[in-house]
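Enquirer: Whole structure, please, built from the sequences with the hints as guidance.
Below, each chain spelled out in residue letters.
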Amino acid sequence: MEKSVNAIIPGLCARVVVNEGDKVSAGQEVAVINCMKTEISVTSEWNGTVKSVLSKEWDELEVGTPMVMLAVTGTDT
Amino acid sequence: MLKVINGGIETLVEDWPGRLGYLGKGMAPSGAFDNVALGFANLLVGNPPGEAGLEVTGGFFQGEFHTDTVIAVTGTDMQPKINGEAIPMWESVAVKKGDLITFSHIGEFGFRCYVGIAGGIDVPAYLGSKSTCIFGSYGGFEGRKLQAGDEVKFAVPQGKLTDLVGRKLKKEAIPEYSREWVLRAVPGTNTSPDYATEEGMDYLFSHSFKIQHTSNRSAYRLQELPTSFFARSDGGVGGSHPSNILDHAYAMRGALNICGNTPVLLIADGPTLGGYMCALSVINADLWKVGQGTPGRDFIKFQICSQHEAVQARLDQKNLFTEDAVV
Chain A
7 MEKSVNAIIP GLCARVVVNE GDKVSAGQEV AVINCMKTEI SVTSEWNGTV
57 KSVLSKEWDE LEVGTPMVML AVTGTDT
Chain B
785 MLKVINGGIE TLVEDWPGRL GYLGKGMAPS GAFDNVALGF ANLLVGNPPG
835 EAGLEVTGGF FQGEFHTDTV IAVTGTDMQP KINGEAIPMW ESVAVKKGDL
885 ITFSHIGEFG FRCYVGIAGG IDVPAYLGSK STCIFGSYGG FEGRKLQAGD
935 EVKFAVPQGK LTDLVGRKLK KEAIPEYSRE WVLRAVPGTN TSPDYATEEG
985 MDYLFSHSFK IQHTSNRSAY RLQELPTSFF ARSDGGVGGS HPSNILDHAY
1035 AMRGALNICG NTPVLLIADG PTLGGYMCAL SVINADLWKV GQGTPGRDFI
1085 KFQICSQHEA VQARLDQKNL FTEDAVV
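In the order they appear, the protein sequences are chains A and B.
Read in order, the letters of the first sequence are residues 7 to 83 in my numbering.
Read in order, the letters of the second sequence are residues 785 to 1111 in my numbering.
Hint data in this document are derived by calculation from the structure and do not stem from the laboratory.
By construction, the Cβ of each residue, glycine as well, lies at the ideal position given by its N, Cα and C atoms.
Among the clues, some could well be false.
What the hints assert, rightly or not - The calculated DSS-like cross-link candidates involving lysine-lysine, where the alpha carbons are at most 27 Å apart (straight line), are:
hint, chain 1, residue 1, chain 2, residue 2
1, B, K944, B, K881
2, B, K955, A, K43
3, A, K43, B, K1085
4, B, K787, B, K880
5, B, K994, A, K43
6, A, K57, A, K29
7, B, K944, B, K955
8, B, K865, B, K952
9, B, K880, A, K62
10, B, K955, B, K1085
11, B, K865, A, K9
12, B, K954, B, K944
Claimed, not checked - Among chain A residues calculated to face chain B with C-beta under 8 Å, some are:
hint, residue
13, I14
14, C41
15, K43
16, E66
17, E68
Expert: Written out as structure tokens, the structure reads:
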């Protein structure tokens, strides 16, 4: 099953801190958004493996913009 | 008492009108960024409209109540829930000891929501206000945004809690939210013909400016102005850019600074003086809209207004927070 980790606030993508193939755990930071001159952490809700990175530095983001796609197995959720 | 589980992106204790009278000392007034939403939240739970409440910016705040009380949530719809069940906004709701309140992300419209709590928030007033100035690290709850583990105390409610439950704001009293916020403004201290061209001022009062993602409680930065805005080629003794002038006091809150080519609205925690020209001042009655403007998404448009209209609008706003607004 695929799950996307999405932007939680409008702003600019500061960085994505995971790469394709990385294993991530629920609660782990996967990306950072710049808004209000503050860096805001975006965390995964799931355990899984990074299938693709969908965002890069300076991308403009809306709430809900997909930033990282994860492959999540049934037992991983 | 409310025990903070997750402080969210930025949750602050704010009152209204904030810390007045210290601009000369370089201290901004702070205060609720949207004083109308705070005022209604307080009205619904039986508090004076300016009592301190929680200002939740961006969302994701979570807390556990350690006492029975009555709350009201107003502002942007962050899908507030008690124990996982949605609660109505713009309405007072009873909460019990042990209840968990959670917020999601910002709604379709607006950027901040407010939680009014019966009796208000019990933090010490500093220089006459319970408001937090986050850039100065004073006031409110230990001069900072809330974080996990904080215990926020409540003051004693005015009246019986049972009498405060189920109070609902009339539909027509709920402020209208938008993604383009029209702010009424009077021309500022540095306008045409000396500092800006007439065409430049027309541009300022006719265009819609996107709110930059760098906007925060200190300043709302807007899309750049064209260089034709300026009447001068440089700032003379004030500096090399035509937006530079000799340092002067800023008409806080609501002055529109022109910093380089960037218009910057100075608001709650903003600077009190500096060396940039000020092209207009947003009227006090419309400052609340700035607080609901979402950085990186919404737009601001200025509409010229007379001083007489500005005074009348401020009086009208003060009259909003009466029992006539409640069902």
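Enquirer: For every hint, state whether the structure bears it out.
Expert: Results of checking the hints against the structure:
no. : hint                : result
1   : B:K944 with B:K881  : holds (17 Å)
2   : B:K955 with A:K43   : violated (35 Å)
3   : A:K43 with B:K1085  : holds (23 Å)
4   : B:K787 with B:K880  : holds (13 Å)
5   : B:K994 with A:K43   : holds (16 Å)
6   : A:K57 with A:K29    : holds (10 Å)
7   : B:K944 with B:K955  : holds (25 Å)
8   : B:K865 with B:K952  : holds (17 Å)
9   : B:K880 with A:K62   : violated (44 Å)
10  : B:K955 with B:K1085 : holds (26 Å)
11  : B:K865 with A:K9    : holds (24 Å)
12  : B:K954 with B:K944  : holds (22 Å)
13  : I14                 : holds (5 Å)
14  : C41                 : holds (5 Å)
15  : K43                 : holds (5 Å)
16  : E66                 : holds (7 Å)
17  : E68                 : holds (7 Å)
Taken one by one, the earlier hints fail for this structure at numbers 2, 9, listed in ascending order.
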